[in-house]
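Undergrad: Same order as they appear, the protein sequences are chains A and B. When the letters of the first sequence are read in order and numbered with the numbering used here, they come out as residues 1 to 492. When the letters of the second sequence are read in order and numbered with the numbering used here, they come out as residues 1001 to 1492.
Hints in this document: simulated from the structure, not taken from any laboratory. Owing to the predicted nature of the structure, the values given are computational and were not obtained by experimental measurement. Some hints could be false.
Straight-line distance between alpha carbons at most 20 Å, and here's what the computed EDC-like set of lysine to aspartate or glutamate pairs gives [stated by the list, open to error]: (1) A:K32 with B:D1119; (2) B:K1269 with B:E1192; (3) A:K155 with B:D1348; (4) B:K1065 with A:D342; (5) A:K333 with A:E371; (6) B:K1113 with A:E126; (7) A:K68 with B:E1057; (8) B:K1068 with A:E126; (9) A:K333 with A:D404; (10) B:K1349 with B:D1035; (11) B:K1068 with A:D348; (12) A:K349 with B:E1071.
Label-pair distances were calculated between CB atoms; the ranges are [stated by the list, open to error]: (13) B:K1319 with A:K269: 21 to 27 Å; (14) B:E1070 with A:E401: 51 to 57 Å; (15) B:A1471 with A:R174: 48 to 54 Å; (16) A:K319 with B:D1064: 35 to 41 Å; (17) A:E408 with B:L1275: 48 to 54 Å; (18) A:K260 with B:K1391: 46 to 52 Å; (19) A:G482 with B:R1150: 54 to 60 Å.
Heads up, incomplete: computed chain B residues facing chain A, CB under 8 Å, no partners named [as the list claims (entries may be wrong)]: (20) N1074; (21) A1075; (22) I1086; (23) V1103; (24) K1110; (25) A1118; (26) D1119; (27) P1120; (28) N1161.
Think of the CB as a built atom: it goes at the ideal place given N, C-alpha and C, for glycine as much as any other residue.
So you can see what is in the structure, the chains are spelled out below.
There are 2 protein chains.
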Amino acid sequence: MAEAAKTIKNAKTAITPTRDENFPEWYQNVIKAADMAENAPVRGCMIIKPYGYAVWENIQKHFDKMIKAEEVQNAYFPLLIPMSYIAKEADHIDGFAKECAVVTHHRLAKNEKGELAADPASVLAEPLIIRPTSETIIGEAMHNWVQSYRDLPLKLNQWCNVMRWEMRPRIFLRTSEFLWQEGHNAFATADEADKDARRMLEAYREFLEDYLAIPVIPGAKTPDERFPGAIETYTVEAFMQDGKALQAATSHNLGQTFAKSSDIKYLDKDGTQKLAWTTSWGMSTRTIGGLIMTHADDDGMIMPPRVAPHQVIILPFLKDDADTPAILEFCDKIQKELRAKDISVQVDKSDARSSDKMWAAIKKGVPIRLEVGAREIAEGQLTFTRRDLGKDGKTKVSVAECVDKISEALVQMQADLYNKAKARMMAGIKDVSSLKEARDFFAGENTGGLRLDYSLIQGSEEFAKLKAEFAVTTRCLPFADGGTKVIISKAY
Amino acid sequence: MAEAAKTIKNAKTAITPTRDENFPEWYQNVIKAADMAENAPVRGCMIIKPYGYAVWENIQKHFDKMIKAEEVQNAYFPLLIPMSYIAKEADHIDGFAKECAVVTHHRLAKNEKGELAADPASVLAEPLIIRPTSETIIGEAMHNWVQSYRDLPLKLNQWCNVMRWEMRPRIFLRTSEFLWQEGHNAFATADEADKDARRMLEAYREFLEDYLAIPVIPGAKTPDERFPGAIETYTVEAFMQDGKALQAATSHNLGQTFAKSSDIKYLDKDGTQKLAWTTSWGMSTRTIGGLIMTHADDDGMIMPPRVAPHQVIILPFLKDDADTPAILEFCDKIQKELRAKDISVQVDKSDARSSDKMWAAIKKGVPIRLEVGAREIAEGQLTFTRRDLGKDGKTKVSVAECVDKISEALVQMQADLYNKAKARMMAGIKDVSSLKEARDFFAGENTGGLRLDYSLIQGSEEFAKLKAEFAVTTRCLPFADGGTKVIISKAY
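Next comes chain A alone, as it looks inside the complex (with noise of 0.2 Å):
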């Protein structure tokens, strides 16, 4: 990342501080000058704000016809989970303690003191839990609507909120609550459930790389680093520009650990009772933080064109009055030629100066940003601007082409962050052949990935030093690699 940053260094930017003055910091100035989210009254908690949620709601159409394509249908599970559900999975663990939000009262009432206060006459005879993940009451579910082996696959999947108390929250990376997909699919056979939770890996590994243009390593985790219950949790394992990994979606084979506890079983042809096999797979709003930090600059964020809120702005230059029905009816037309090819297209009308209406175009990461003035009508000629290639990006094209030309342009930025994000990601996984080369690594506030043998952090007490030390974790052991190699870093 640091190469990027370099190239617009000495220059103004529109963010500060840049990535390489204070990372954590220019994160949330991005998103602070996009106007994607901001912190919420309720600590832990965040706003989606429109041109967040925008991209939220391409992400939802994208990736929800590709788990369709699958056969997956969608439903909705309540958000509030009986506390005896988590008790039975509180039995298997020893000091078990959960950060969750508790509902104990259903009323609030004023109290002798006139003060709002929840009222004692309304204590739930049991708490409940708001969903930190909903496998307990979908697997209950499950156990009513599985019979017979006609019934498997049961794929299931909702859109919906879940809450987990955090301490040390960040805006779509860590939040208390967070919107999420959370897949949860039964099968007859282990093999199915094995072939299925890599599937679902596949799915979020194409939609990652080829929707948001987020390169990623899919792997299994560590036993260590499993979802509890799971006998595998398969990852797809970003690299961030500060050289962090980001966990983008995980999809776990739940064994029977899940099928056992809600007793999911079914009449199989041969007329014996058997146990079903799960799986369970999510992707949260986390993903847009890793967006974000995947590909925003110094000047703001960068939206790749496929889940770009809008793949082009048109801004029109307004100086002389008598020119501005012209202008407008012009820009008119061309969003209307951009709009019949798909292209989503915004005309800024607004009346801000031309250059503030650039400078929050930039901010925003729009892909696109078509200048169109008097005098560009009158040449017949427009000139167009890539987001990602600084001054570089600039097109210029006669009235006639532009709507192809365009069009080819958000193929091609499509494909060049990508191309840029992976290079980076790759040049910044370096391979290790001992826990001295790992170490003298992180010792030297190096960031970036390390991959060495699987064999060396095995039980290695000098491994969980190293981890403890400077907040190295193992983030996956990368399908590439058969399993062998372990890739280690920090993370978010």
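Start from chain A and add chain B according to the hints.
TA: Relative to chain A, chain B alone:
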């Protein structure tokens, strides 16, 4: 509704009891037979099953398009609301008590007895409420976001879950947790706000009538039925087959109530600070209950084509194994042709018996069933059946004209369902000219709406008695009558 039911009175029906025998139980059984939803293990909550959720997805898809055309922007606000926000509201209300879920702790842990419990060390300084609606928290955001007249109008919407503790829950109609959209708009002037509240009500009317085929009476609520804080509550009132009314959606002109309590101010062109004017408008999963009670019959659900999860189901009649591949291939071909016309279609390839497949499709209310067997293919003649016309619903067509005829039949069915419901609703609303007549009507155990001069019920003690005695409610002052008439009826 008695008329509709009688036509199949002596026939065996798929749903027992019938509408005439026991409407509430019939309603529950239609939902069960169509596999749309079920009660959740948490009291008062529901699980929306895939077939029911697909209806909600269609509602979202279509209505979301309509509100985006009104330049409404989607966003997401937090689930949890600080109690102090609710306290502001409570200040104005004596004996305030609110049935809602109260979060008091943020951790579960094992107690000394080894049992799981809310950890006493995790008590929140201020209890948090699961949103029953979001005026207060969105008002706070608007306070921050609105600075100048340039920021207005501000039109926000969220699709989310909300919670209101229900003592007498009924699936879809009245559940503790439900899904909805809540729109919150802010304007510079009183006039704009009132026009907007009416425009969003008109959007609901159009959506309910054109997509759900639910005829409604748009009007204003009487002052006692307004949303707390609203200066006008506009409503679209539907009438169910049992003659009871259902409030299908509401749109509130909130005046400056919430602008005052949240301090939503803007700097106007004239350089002075002014208070904004706000509206809010919502429609929920309750609408699906209305859809069922408007259209379903004694054989189960009837889905209006525009929101049906599948508009057509193809039922292959498989008898002779040798024919099976050819029949399935033929079904796939028809499916493809229908899909090319944007018709959603499913082929039931399960190994269930043909009559079971047919009854499953009937109970689910799939608009059109197309039967395909070896004979049909040989003769080149297909028969499709409209769900809403009983035995008169069959149409014989050549293979070549099949797709066009089905396409036409779907359009016709959508119109017929609306017209039928509209005629029933209009016939069910009777004009009366005295409270005596009204009393006789309800004492005679009649259902349906009564329309009478609004002046007859204003401040009337006799009417207050009538309401209490027969659980009669004032539904609305219909726009069509210019506010001079009121409609009263029993209601959901």
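Undergrad: Now look at each hint and say whether the structure bears it out.
TA: A quick look at each hint next to the structure:
1. A:K32 with B:D1119: violated (36 Å)
2. B:K1269 with B:E1192: holds (17 Å)
3. A:K155 with B:D1348: holds (18 Å)
4. B:K1065 with A:D342: The hint holds at about 16 Å.
5. A:K333 with A:E371: Holds - the C-alpha atoms of E371 of chain A and K333 of chain A are around 14 Å apart, at most 20 Å.
6. B:K1113 with A:E126: Holds, at about 17 Å.
7. A:K68 with B:E1057: Status holds; Cα separation ~13 Å.
8. B:K1068 with A:E126: violated (42 Å)
9. A:K333 with A:D404: Holds, at about 15 Å.
10. B:K1349 with B:D1035: holds (19 Å)
11. B:K1068 with A:D348: holds (17 Å)
12. A:K349 with B:E1071: holds (14 Å)
13. B:K1319 with A:K269: 21 to 27 Å: holds (22 Å)
14. B:E1070 with A:E401: 51 to 57 Å: violated (35 Å)
15. B:A1471 with A:R174: 48 to 54 Å: holds (50 Å)
16. A:K319 with B:D1064: 35 to 41 Å: holds (38 Å)
17. A:E408 with B:L1275: 48 to 54 Å: holds (50 Å)
18. A:K260 with B:K1391: 46 to 52 Å: Once the Cβ atoms are compared, 50 Å apart, the range 46 to 52 Å for K1391 of chain B and K260 of chain A holds.
19. A:G482 with B:R1150: 54 to 60 Å: Distance hint for G482 of chain A, R1150 of chain B holds at roughly 59 Å.
20. N1074: This interface hint holds because 5 Å falls under the 8 Å limit.
21. A1075: This hint holds: A1075 of chain B lies near chain A, its Cβ roughly 5 Å from the closest one there, short of 8 Å.
22. I1086: With a minimum Cβ separation of about 6 Å from chain A (threshold 8 Å), the hint on I1086 of chain B holds.
23. V1103: At 5 Å from the nearest chain A Cβ, V1103 of chain B passes the 8 Å test, so the hint holds.
24. K1110: holds (6 Å)
25. A1118: Constraint on A1118 of chain B satisfied, holds at 4 Å.
26. D1119: Given a least distance of 7 Å, the restraint on D1119 of chain B holds.
27. P1120: violated (11 Å)
28. N1161: Nearest chain A Cβ about 6 Å off; hint holds.
In summary, the numbered hints that this structure violates are 1, 8, 14, 27.
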